[in-house]
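Chains as they are written, first to last, in numbering that gives the first Met the number 0: chain A, 0 to 323; chain B, 0 to 387; chain C, 0 to 96.
The set of hints was computed from the structure by calculation and includes no laboratory data.
It cannot be assumed that every hint is accurate.
Stated by the list, open to error - Listing some non-contacts, in silico: residues in chain C with all C-beta distances to chain B over 12 Å: (1) 26; (2) 32; (3) 36; (4) 40; (5) 45.
Said to hold, decoys possible - To give an idea of the chain B side of the interface with chain C (calculated C-beta under 10 Å), a few residues: (6) 209; (7) 214; (8) 216; (9) 219; (10) 222; (11) 225.
Even for Gly, the Cβ is constructed at its ideal location relative to N, Cα and C.
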Amino acid sequence: MTTVKKYTKSVVENFDLYAPKLVSKEEFFNAGHRACQGCGEALAIRLMCKALGKDTVITNATGCMEVISSLYPTTAWTLPWIHVAFPNAAAVASGVEAGLRALRRKGKIADRRVKSVAIGGDGGTMDIGFQALSGAMERGHDMLYVCFDNEAYMNTGIQRSSGTPFLASTTTAPAGKKIPGNQVWKKNLAEIMVQHNLPYVATASPSYPLDFMNKVKKARRVKGPSYIHCLVTCPTGWRSASETCIKLGRLALETGIFPLYEVENGVYKLTVEIPEKRRPVEDYLKLQGRFRHLTPDQMPVIQARVDLEFKKLQNKIDHSVSWV
Amino acid sequence: MGKRVGMEVAIASAEAAALCKFDVAAVYPITPQSHVAEHLSDIVNDGRVDASFITVESEHSALSAAMGASATGARVVTATSSQGLLYMHEVLPITSAMRLPIVMLIANRAISGPINIWNDHSDIMPQRDTGWISFFADNGQEVVDMTIQAFKVAEHREVMLPVNVNMDGFQLTHMVEPIIMPDQGEVDRFLPEYVPYATLHPDRPVSMGTLAMPEIYAEAQKAKNVAIVNSKKIILEVWKEWEKLFGRRYEPIQAYRTKDADVALVTMGSMGETAEIAVEELRKQGVKAGLLKIKLWRPFPFAELRKAVQGIRVLAVTDRACSFGGPGGPVFSEIRSALYEEPVRPAIVNYIIGLGGRDVQVEDFMEMVRQAARGKLSEPYVFYGVRG
Amino acid sequence: MTEKKWPETWQEVNPGCMVFRPGSSREYHTGSWRAKRPLWDNAKCIKCGVCYIYCPEGCVTEDADGFFEANLDYCKGCGICAHECWPGAIKMVNEEE
Numbered sequence: 000m001t002t003v004k005k006y007t008k009s010v011v012e013n014f015d016l017y018a019p020k021l022v023s024k025e026e027f028f029n030a031g032h033r034a035c036q037g038c039g040e041a042l043a044i045r046l047m048c049k050a051l052g053k054d055t056v057i058t059n060a061t062g063c064m065e066v067i068s069s070l071y072p073t074t075a076w077t078l079p080w081i082h083v084a085f086p087n088a089a090a091v092a093s094g095v096e097a098g099l100r101a102l103r104r105k106g107k108i109a110d111r112r113v114k115s116v117a118i119g120g121d122g123g124t125m126d127i128g129f130q131a132l133s134g135a136m137e138r139g140h141d142m143l144y145v146c147f148d149n150e151a152y153m154n155t156g157i158q159r160s161s162g163t164p165f166l167a168s169t170t171t172a173p174a175g176k177k178i179p180g181n182q183v184w185k186k187n188l189a190e191i192m193v194q195h196n197l198p199y200v201a202t203a204s205p206s207y208p209l210d211f212m213n214k215v216k217k218a219r220r221v222k223g224p225s226y227i228h229c230l231v232t233c234p235t236g237w238r239s240a241s242e243t244c245i246k247l248g249r250l251a252l253e254t255g256i257f258p259l260y261e262v263e264n265g266v267y268k269l270t271v272e273i274p275e276k277r278r279p280v281e282d283y284l285k286l287q288g289r290f291r292h293l294t295p296d297q298m299p300v301i302q303a304r305v306d307l308e309f310k311k312l313q314n315k316i317d318h319s320v321s322w323v
Numbered sequence: 000m001g002k003r004v005g006m007e008v009a010i011a012s013a014e015a016a017a018l019c020k021f022d023v024a025a026v027y028p029i030t031p032q033s034h035v036a037e038h039l040s041d042i043v044n045d046g047r048v049d050a051s052f053i054t055v056e057s058e059h060s061a062l063s064a065a066m067g068a069s070a071t072g073a074r075v076v077t078a079t080s081s082q083g084l085l086y087m088h089e090v091l092p093i094t095s096a097m098r099l100p101i102v103m104l105i106a107n108r109a110i111s112g113p114i115n116i117w118n119d120h121s122d123i124m125p126q127r128d129t130g131w132i133s134f135f136a137d138n139g140q141e142v143v144d145m146t147i148q149a150f151k152v153a154e155h156r157e158v159m160l161p162v163n164v165n166m167d168g169f170q171l172t173h174m175v176e177p178i179i180m181p182d183q184g185e186v187d188r189f190l191p192e193y194v195p196y197a198t199l200h201p202d203r204p205v206s207m208g209t210l211a212m213p214e215i216y217a218e219a220q221k222a223k224n225v226a227i228v229n230s231k232k233i234i235l236e237v238w239k240e241w242e243k244l245f246g247r248r249y250e251p252i253q254a255y256r257t258k259d260a261d262v263a264l265v266t267m268g269s270m271g272e273t274a275e276i277a278v279e280e281l282r283k284q285g286v287k288a289g290l291l292k293i294k295l296w297r298p299f300p301f302a303e304l305r306k307a308v309q310g311i312r313v314l315a316v317t318d319r320a321c322s323f324g325g326p327g328g329p330v331f332s333e334i335r336s337a338l339y340e341e342p343v344r345p346a347i348v349n350y351i352i353g354l355g356g357r358d359v360q361v362e363d364f365m366e367m368v369r370q371a372a373r374g375k376l377s378e379p380y381v382f383y384g385v386r387g
Numbered sequence: 000m001t002e003k004k005w006p007e008t009w010q011e012v013n014p015g016c017m018v019f020r021p022g023s024s025r026e027y028h029t030g031s032w033r034a035k036r037p038l039w040d041n042a043k044c045i046k047c048g049v050c051y052i053y054c055p056e057g058c059v060t061e062d063a064d065g066f067f068e069a070n071l072d073y074c075k076g077c078g079i080c081a082h083e084c085w086p087g088a089i090k091m092v093n094e095e096e
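Let the hints inform the model, and build the full structure from the sequences given.
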């Protein structure tokens, strides 16, 4: 079912509808890249680069996006770009930041701000890259880290990560006869980043492109570390139809599974309104083959946890206080 | 004009890096390198060098951050030992593949297990295949000289490879030695400003660290090997220039009384100085002993080795590491391999000595020469001085 | 940079396998991947640009009249544009070939 049938509001009421035309037409992440059809991460990176602009250096962890965009002798990138290894995107980016800062201060390069941005998947950020991320963020470098979370180690074949949601089937925590998929709840890296005293932390999704791009722009302006956690659909790993890429991100928000918020100096704010009566989690889960083994008794368990997490977030939105 | 000072060698190595006006240092502390890390941060925080010091959270991140900074065109220094070097091992071949001229000071220390913080070469030996240029220093003066030379060699447009300078942990790093510290003017005349081949900057965007499919990976590896093999030519030129400017001579293999030597010891690192005294004592006793000290480990100086061993009957190669289950000591196996094709070559025996900081005295070296004179030992390689 | 023939010799490989040609991925036409292609009905199109913003390839471009079309050299036929189009102006049709 396409999006058109879901919208009963008049077109004029949605100011965002025509805003895509105002977005820069320059492509920093070019076509010809080898991402799967309907890859949410490729879309998210394309949008992120438009928001960052050309005065950016990208450090990419090993993963889908690095592999599909940089097949020697070609590259999809028109931004300066470096890939070193899997666990160290944050460390390399902190070195890029320190290098640019020292060279600019010593007059060895042009006197204008070039932002160091590190990108990685949930594997390269939440698991193997966790140490480097924590180290780089707590040192206060003027850098942005964007985690593109498709909830498993997709590039190596859909293996379980700490971003894999409860009961999702992955190739190393499969929905088997005895154990029905991932047995633990998803790690909340955005919250861990808030605890690193970062001036700016946000969650984002390419399904809300203007919200995402505004957050990237805001993070870029921060003179210090900032972090964005971006949920992206992987049709291959989630076993979902390629055209539902955007719809799934929207449902993740409308069910409260992945609310879009930002935390500025400790103050929580929702940036995209969630319907008062959230949609049941089933609406989101039933569109993905990785959840097709779910039994009716498991659904309320997931629903209860989503409700709880949303309540905790709402509490923070209501009571958080700035630390500056 | 350089000044003669008494300085702890670790501190001196950091001072040498400061003379090279590094832009970024990314270092994680580990005994016995810690004084290098600490002094580099003193230099930066006192403003003596205009640089950024990154207090990274691990050695893997130290070399990774160093790579990021070097890729922007900064002159970068880092330092480590033992477990730290092993932890960053993943990044070493990537640094050389990406042709980033990082200089790493290594305070050689035994690797675990069992855990031991004292000096041997078991940390650097597993890095042989990573494509880094490797210097070995015998004393504090060489540590200082080689640190400054390392930047010039690494950044040379015909080299563009990272260099590590090896100094024995505790036995060098924590010793106060007499060192002639070059002055800033002398170093500025020797070491030009770093002009990178390519940098990460929007004014000329490049992609670094791309994916190489099977159809091109082998070509990339051959190119890297050719680069490091050809770097010897530049290293020799740099050493010649150094001798002209500072009066101190460096050779890939330094010979000591080998012209008429019957048995020659081979050493790498600070034990060479003890071996020198042993050779002197043996000569007094009428034994025709000699010594070869290896200063350039990678690229391996094949031509210089083959020339240096001419006329010698037996080589007693000392190793401070063992390739477990393999051919014995790494230096021994490489020398044997290097001399295999020679129509006339010495007999070669192997002593594995000084593991985990075990002291090796003049008498020990003299005993090794006496045993080696037989031309063959009880085993292909001998763990010298091990009880039992 | 002179054009090098592929596959390169070891002497020709760029140091560090660096790529000095930004955006050169465009040499590879991913359009051969698709099984369906998007077709715009300009009579229904409201020129909002949603199809342009949601394309993971960035291959949907605006023409002089403000209507949109996909660059068939790169379009992988994922169907996101058709699915997200508000007035339902885009239809996915099977590739003829």
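Structure-based check of each hint:
no. : hint : in the structure
1   : 26   : 14 Å, holds
2   : 32   : 18 Å, holds
3   : 36   : 29 Å, holds
4   : 40   : 39 Å, holds
5   : 45   : 36 Å, holds
6   : 209  : 5 Å, holds
7   : 214  : 5 Å, holds
8   : 216  : 9 Å, holds
9   : 219  : 5 Å, holds
10  : 222  : 5 Å, holds
11  : 225  : 7 Å, holds
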